[in-house]
Amino acid sequence: MTSTYTYSGDPSSSPLDETRFLLSDTGPPWLFSDEEINYALEKNNNDPMAAASSLALAKASYYIRRGSISIDGISLDYGARGQAMLDLSSRLEKEANKQSAGPPVQAGGIDKVFDATVLTTPNDYPSVFDKLDYPQ
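Numbering of the sequence shown is given in my numbering, commencing with residue 783 and proceeding in unit increments.
What the hints contain is simulated information worked out from the structure, not anything from laboratory work. Since the structure is predicted, the reported quantities are computational estimates derived from the model, not experimental observations. Think of the CB as a built atom: it goes at the ideal place given N, C-alpha and C, for glycine as much as any other residue. Warning: the hint list may mix true and false statements.
As the list claims (entries may be wrong) - Quick list of simulated restraints, FRET-style, between CB atoms:
1. Ser785 to Asn827: 18 to 28 Å
2. Lys876 to Asp854: 39 to 49 Å
3. Gln865 to Glu817: 39 to 49 Å
4. Ser795 to Gly849: 20 to 30 Å
5. Asn828 to Ile856: 35 to 45 Å
6. Thr784 to Ala840: 19 to 29 Å
7. Tyr787 to Gln881: 23 to 33 Å
Make a model of the complete structure from these sequences and hints.
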């Protein structure tokens, strides 16, 4: 089977394109095939942020295993690339967790700017009982 590599140029057009965008994998030389990205999306509930995090972690492992290479005075430090991918994976994972957590929980009803010092007597405090209509 031949691997495919596509990117429309619009990250909002598909989860695959958004995942590529998050990984900066938007043109040759490609880091991941469409099939690899689709697999990661499937394993991560079609969440591009989580899929990109797992792909970055996989690529970090690949680079770290390669280490450093020096041939004819030219050096490639794959360890540094691996660390960069680990950092990217960590940032993407934090963002994915933030998004999946939902909106912040709000409780109470007193505004942050509420100033309790202006209330001087018990009669100044609003009460829910004041709003209830009791039969006479």
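How the hints compare with the structure:
1. In this structure the supplied range 18 to 28 Å holds for Ser785 paired with Asn827, their Cβ-Cβ distance being about 24 Å.
2. For Lys876 and Asp854, the Cβ-Cβ distance of about 41 Å falls inside the hinted range of 39 to 49 Å, so the restraint holds.
3. Gln865 and Glu817 have their C-beta atoms about 27 Å apart, which leaves the hinted 39 to 49 Å range violated.
4. Checking the proposed 20 to 30 Å range against Ser795 and Gly849 shows it is violated: the Cβ atoms sit about 38 Å from each other.
5. For the hinted restraint 35 to 45 Å between Asn828 and Ile856, the CB-CB distance of approximately 41 Å keeps it satisfied.
6. At about 21 Å, the beta-carbon gap between Thr784 and Ala840 stays in the expected band of 19 to 29 Å.
7. In this structure the supplied range 23 to 33 Å holds for Tyr787 paired with Gln881, their Cβ-Cβ distance being about 27 Å.
Of the numbered hints given earlier, the model fails hints 3 and 4; all others are met.
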